[in-house]
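J.: Work the whole structure out from these sequences, hints included.
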Amino acid sequence: MKKSLFLISIITLTIVSCKSTFTKIDDKNANYIPYYLKAYEADSLCLVGNYQRSYEILDSLFKKFEPANMKNVNEYSTYIACCVMTGNTDNLDTKIRDGILKYGSIIKSHPDGDSIYNRLFNITKFSREEMKLLGEKYDKRFNKELRNRIIRMHDEDLSARTPSLNHEKMNEFQKKHEKEIEEIIKKYGYPHQNLVGYILNDKNEPINFDVILFHQTTENKKKYVSLLYENLVKGNISPFEYGSIIDKIYLDNSKLYYGTFIGKELLINPKKIDSTRKTIGLPSYGYEEWSFKKTFPDLK
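Residue numbers (UniProt numbering): 1 to 300.
Don't read these hints as lab results, they were simulated from the structure.
Among the clues, some could well be false.
In silico BS3-like links for lysine-lysine, alpha-carbon gap of 27 Å or less [stated by the list, open to error]: (1) Lys64 with Lys278; (2) Lys125 with Lys175; (3) Lys293 with Lys63; (4) Lys221 with Lys175; (5) Lys102 with Lys63; (6) Lys278 with Lys264; (7) Lys71 with Lys223; (8) Lys169 with Lys248; (9) Lys63 with Lys95; (10) Lys179 with Lys95; (11) Lys179 with Lys169; (12) Lys175 with Lys140; (13) Lys293 with Lys203; (14) Lys140 with Lys169; (15) Lys64 with Lys24; (16) Lys203 with Lys169; (17) Lys137 with Lys221.
What follows is a set of in silico ranges between Cβ atoms, one per label pair, in the way DEER data are often shown [what the hints assert, rightly or not]: (18) Glu219 with Thr86: 48 to 54 Å; (19) Leu101 with Glu145: 17 to 23 Å; (20) Arg152 with Asp27: 17 to 23 Å; (21) Glu129 with Tyr229: 40 to 46 Å; (22) Glu219 with Pro111: 30 to 36 Å; (23) Lys144 with Lys255: 35 to 41 Å; (24) Ile262 with Ser226: 23 to 29 Å; (25) Lys144 with Ser284: 36 to 42 Å; (26) Phe261 with Ser127: 40 to 46 Å; (27) Asp139 with Lys187: 38 to 44 Å; (28) Ser115 with Ser226: 42 to 48 Å; (29) Lys28 with Lys255: 51 to 57 Å; (30) Leu299 with Val211: 17 to 23 Å; (31) Leu165 with Gly135: 32 to 38 Å.
Small disclaimer: the values here were computed from a predicted structure and weren't measured.
Backbone N, C-alpha and C fix where the C-beta goes; we use that ideal spot for every residue, glycine too.
T.: What follows is the structure, given as structure tokens:
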């Protein structure tokens, strides 16, 4: 009897231990900083055609963390591409379906994109039309009223800046949006991608709440720094999103902290920029420019 109880205790502890090693987005004790660094490493390897190593990193990472699928990195899409290019296609259709329903798409820009996705559509049972329908299901998951409000705010913000700057309108919308941002965050929390999804306007252009926050006063942006950091650590916003908002605060005084905007001469501490970026999960300085050039080699 004692032996049986001992075995049951061991099994129970093992199950609890296994569960505790998997981190979900928004977990109380989640720390996604190590996740971001590995996801960026996999991204860089995929871009240079080392699909096998990229696959190995992401396959291991997704056993420990719920995928965050960062904006501008889309590591879940990288994983699907690497599954295809390495022949690791077990349960591929399930992974595709889950990915579209959770993230809206499993397609990403890549220098070998034609080869990757021609191969994918030769393997998968899903047609492009079926994927589109899954994408529509994804959109229906989210609060339409909130999404439309963010689109309207984004359009107002843009209208004051194009085709030329209208300072009177800029001030008007800045004050109006200051109140709206406070209302939205008080009611819903920070409207990150997991809350509002990937938003497109009627011109099929991406809409980012971050841009609306960029154009707030320095003091108003500072109000949300601790909230933004909490969302970064819990997997809700990417290091680049967090870093760019912090940099915008510094840029208001002609400085940069994380180097997410162009201007190395503006860096507060250029000698330690890589270690500074690493603290929030960003790769080495200049990665964004390198990644863009690798992804779109024909663009000058």
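J.: So, for every hint listed, does it hold in this structure?
T.: We went through each hint and held it up to the structure:
1. In summary, the hint linking Lys64 to Lys278 is supported, as the alpha carbons are separated by about 20 Å, within the 27 Å threshold.
2. For a cut-off of 27 Å, the pair hint linking Lys125 to Lys175 is broken: about 51 Å separates their Cα positions.
3. With a CA separation close to 31 Å, the supplied pair Lys293 and Lys63 exceeds the 27 Å bound.
4. Straight-line distance between C-alpha atoms of Lys221 and Lys175 comes to about 13 Å, which keeps the hinted pair within the 27 Å bound.
5. Our distance criterion of 27 Å between C-alpha atoms is met by Lys102 and Lys63, whose separation comes to about 17 Å.
6. Restraint check: the Cα-Cα separation between Lys278 and Lys264 comes to about 17 Å, which is no more than 27 Å; the hinted pair holds.
7. Only pairs whose Cα atoms come within 27 Å are accepted, and Lys71 paired with Lys223 is accepted, the gap being roughly 23 Å.
8. With a C-alpha separation of about 21 Å, the suggested pairing of Lys169 with Lys248 holds against the 27 Å cut-off.
9. Taking the CA atoms of Lys63 and Lys95, the gap is about 14 Å. The hint holds against a cut of 27 Å.
10. Pair hint Lys179 plus Lys95 does not hold up; C-alpha atoms about 41 Å apart against a cutoff of 27 Å.
11. The suggested pairing of Lys179 with Lys169 holds, with an alpha-carbon distance near 16 Å, which does not exceed 27 Å.
12. Restraint check: the Cα-Cα separation between Lys175 and Lys140 comes to about 31 Å, which exceeds 27 Å; the hinted pair is violated.
13. Note on Lys293 and Lys203: the hinted pairing holds, with a Cα-Cα distance of about 26 Å set against a maximum of 27 Å.
14. Proximity of Lys140 to Lys169 is assessed by CA-CA distance (about 33 Å); at most 27 Å being required, the pair is judged violated.
15. About 9 Å separates the Cα atoms of Lys64 and Lys24, which keeps this hinted pair within 27 Å; it holds.
16. For a cut-off of 27 Å, the pair hint linking Lys203 to Lys169 stands: about 23 Å separates their Cα positions.
17. Distance check on the hinted pair: Lys137 and Lys221 sit about 34 Å apart at the alpha-carbon level, beyond 27 Å; violated.
18. Checking the proposed 48 to 54 Å range against Glu219 and Thr86 shows it holds: the Cβ atoms sit about 50 Å from each other.
19. For Leu101 paired with Glu145, a C-beta distance near 22 Å keeps the hint of 17 to 23 Å intact.
20. One distance hint, 17 to 23 Å for the beta-carbon pair Arg152 and Asp27, is violated here, with the actual separation near 33 Å.
21. Remark: the range hint 40 to 46 Å for Glu129 to Tyr229 is upheld by a beta-carbon distance near 42 Å.
22. In this structure the supplied range 30 to 36 Å is violated for Glu219 paired with Pro111, their Cβ-Cβ distance being about 43 Å.
23. In this structure the supplied range 35 to 41 Å holds for Lys144 paired with Lys255, their Cβ-Cβ distance being about 39 Å.
24. Take Ile262 and Ser226: their Cβ atoms lie about 27 Å apart, and the range 23 to 29 Å holds.
25. Separated by about 40 Å at the C-beta atoms, Lys144 and Ser284 satisfy the suggested range of 36 to 42 Å.
26. One distance hint, 40 to 46 Å for the beta-carbon pair Phe261 and Ser127, holds here, with the actual separation near 41 Å.
27. With their beta carbons about 21 Å apart, Asp139 and Lys187 fall outside the hinted range of 38 to 44 Å.
28. For the pair Ser115 and Ser226, the beta carbons lie near 45 Å from each other, so the given range of 42 to 48 Å is met.
29. A hinted range of 51 to 57 Å is violated for the C-beta pair Lys28 and Lys255, which are about 34 Å apart.
30. In this structure, Leu299 and Val211 meet the distance hint of 17 to 23 Å, their C-beta atoms being roughly 22 Å apart.
31. Evaluation of the 32 to 38 Å hint for Leu165 and Gly135 yields a pass: the beta carbon distance comes to about 36 Å.
In this structure, the earlier hints numbered 2, 3, 10, 12, 14, 17, 20, 22, 27 and 29 are contradicted, and the remaining ones agree with it.
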